[in-house]
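Per this note's numbering, residue 1 is the first one in the sequence shown, and the count goes up by one each step.
None of these hints come from the bench; they were simulated from the model.
Quick list of the computed label-pair ranges, beta carbon to beta carbon:
| no. | residue 1 | residue 2 | range |
| --- | --- | --- | --- |
| 1 | 480 | 236 | 20 to 30 Å |
| 2 | 431 | 15 | 55 to 65 Å |
| 3 | 104 | 432 | 29 to 39 Å |
| 4 | 357 | 232 | 34 to 44 Å |
| 5 | 80 | 456 | 53 to 63 Å |
| 6 | 300 | 87 | 39 to 49 Å |
| 7 | 263 | 203 | 17 to 27 Å |
Here a beta-carbon is modelled for each residue, glycine too, at the ideal position from N, C-alpha and C.
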Amino acid sequence: MTTALVDDRPKPPLLGVLGLMLGIFLSALDGQIIGTALPTIVGDLGGLEHLSWAVTAYLLTSAAATPLWGRLGDLYGRKGAYQWSVAVFLLGSVLSGLAQDMSQLIAFRAVQGVGAGGLMVGALSVIGVLVPASDRGRVQSVIGILMPIAFVGGPLLGGFLTDRLSWRWAFYINLPIGLFALVAVAVAVRLPKAERVRAPFDWAGVALLTTGILGLTLVSSWGGTMYSWTSPLILGTGAVSVVALAAFVLTELRVPGPLIPPTLFRSRNFSVAQVLGFLTGAVMLALIGYLPQYLQFVQGASPTTGGLLLLPLMLGMMGTQLVTARLMGRPGGERRYPVLGGVLALAGSVLLLFLGTDTPVALASGLTAVAGIGIGLLMQSTMLTSMGAVPREDMGAAMGVVTLLRNFGGSLGMAALGAVYTARLTASLEARLSPADAAHLTSGGGLTPASLAGLPQTVRDAVGTAVSSGLHGAVAGSIGLAAAATAVALLARPNPLPGPGPEPSPSSPEPQAAASA
1 MTTALVDDRP KPPLLGVLGL MLGIFLSALD GQIIGTALPT IVGDLGGLEH LSWAVTAYLL
61 TSAAATPLWG RLGDLYGRKG AYQWSVAVFL LGSVLSGLAQ DMSQLIAFRA VQGVGAGGLM
121 VGALSVIGVL VPASDRGRVQ SVIGILMPIA FVGGPLLGGF LTDRLSWRWA FYINLPIGLF
181 ALVAVAVAVR LPKAERVRAP FDWAGVALLT TGILGLTLVS SWGGTMYSWT SPLILGTGAV
241 SVVALAAFVL TELRVPGPLI PPTLFRSRNF SVAQVLGFLT GAVMLALIGY LPQYLQFVQG
301 ASPTTGGLLL LPLMLGMMGT QLVTARLMGR PGGERRYPVL GGVLALAGSV LLLFLGTDTP
361 VALASGLTAV AGIGIGLLMQ STMLTSMGAV PREDMGAAMG VVTLLRNFGG SLGMAALGAV
421 YTARLTASLE ARLSPADAAH LTSGGGLTPA SLAGLPQTVR DAVGTAVSSG LHGAVAGSIG
481 LAAAATAVAL LARPNPLPGP GPEPSPSSPE PQAAASA
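The task is simple: from the sequences and hints, build the whole structure.
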């Protein structure tokens, strides 16, 4: 009966689906554009030691807000929740483009992240109840057009805007896309009122989850760098985070309308997929965040050229996701492809250890492809497994969990590996120059890829060696994360949906609709 109801839904207008897909597009585009513009942004505003927080602030608030948007959509209307998330994202984009120093940029990126937390989960939740199985091909075609533009064109666009206009346009470019998405969804998307879930909102869960995520991110960023791991501040913050997360779990088990329904984790493969999503987010952000630094400061590439040099990584991720979407339906795919993705991500990360100051540019660019293929396999297989394991009424909450853990993993990974990157870079600069010169370059010296060319050769060599050393530290961390992902993938079951035939039907459009998301 459920299948018939889903298939009898009217075909959604292409304009409405496009407006929803633009939310996923904006979420993906922002990270790709900012990655290539970040070296210039940090150099212009000053404060290389705060580089990771320009990304971490965005990921942190995005991770904390994701389940909030998902549950708000389930309770009060998915269309309205999606539109509000787009509006908040655009507000943060404008403010980030107007930032005058790193403190402002970090704060405004946090605002932008609050909105970003609802872009993907909101779009996927609406698609889950809007698009019938017969229209999965149409949705797939829209994604097939937009996502390659974001993954492949994002770095190029970010470099072009930075070179030709200003890095501020890397944020302003979101405005026309977001405004079109708002208008398209307002005009074309009509959802049945019955799709809402009636339950009190879990405000206690929101507070506890946010506290736990913030605390762990601060510990991973500060520990071993700004403060000793055994300092009272680090130990106290860590203890507060653990208590908050434990209280969050207990709260979710008791409240009538939990932010993250515990029933989602009854599926073993859903649980495994969330751990993999967490680890994959950390690996992906570590590479996307610090490879542009290497390509621009060590290889001497401009922001535009740096975007071109990242094409093997992005094409590997994008192409693999498209292929995986078609292969996951085969028996054993829920275990085979995550394991293969973990192995390739591990091998690709190991290859990146060979990047140095004397590595040929073409080889440095090509070596990133292996890691990209592995990350693409992990991202797509975990998304499809998650979407196929939950009922339609919990789709918003489930997509909130998926996006939450992936962003939370990216936030922790960027903070922790960013601390390693900065520590190694600073130590290398101090060893080759002097503590005063190193502090000048990393804090207020306005060090950008463009300004580096005008510095003495000894300084250029020292910066190149230091950035390579920092990258190796971040890559070493990604190797450990990829190894853990491979081990976790082995826990997946080959047959995740053994129930009766009609049960998976409500979820059948989503895997296709979310391909490459």
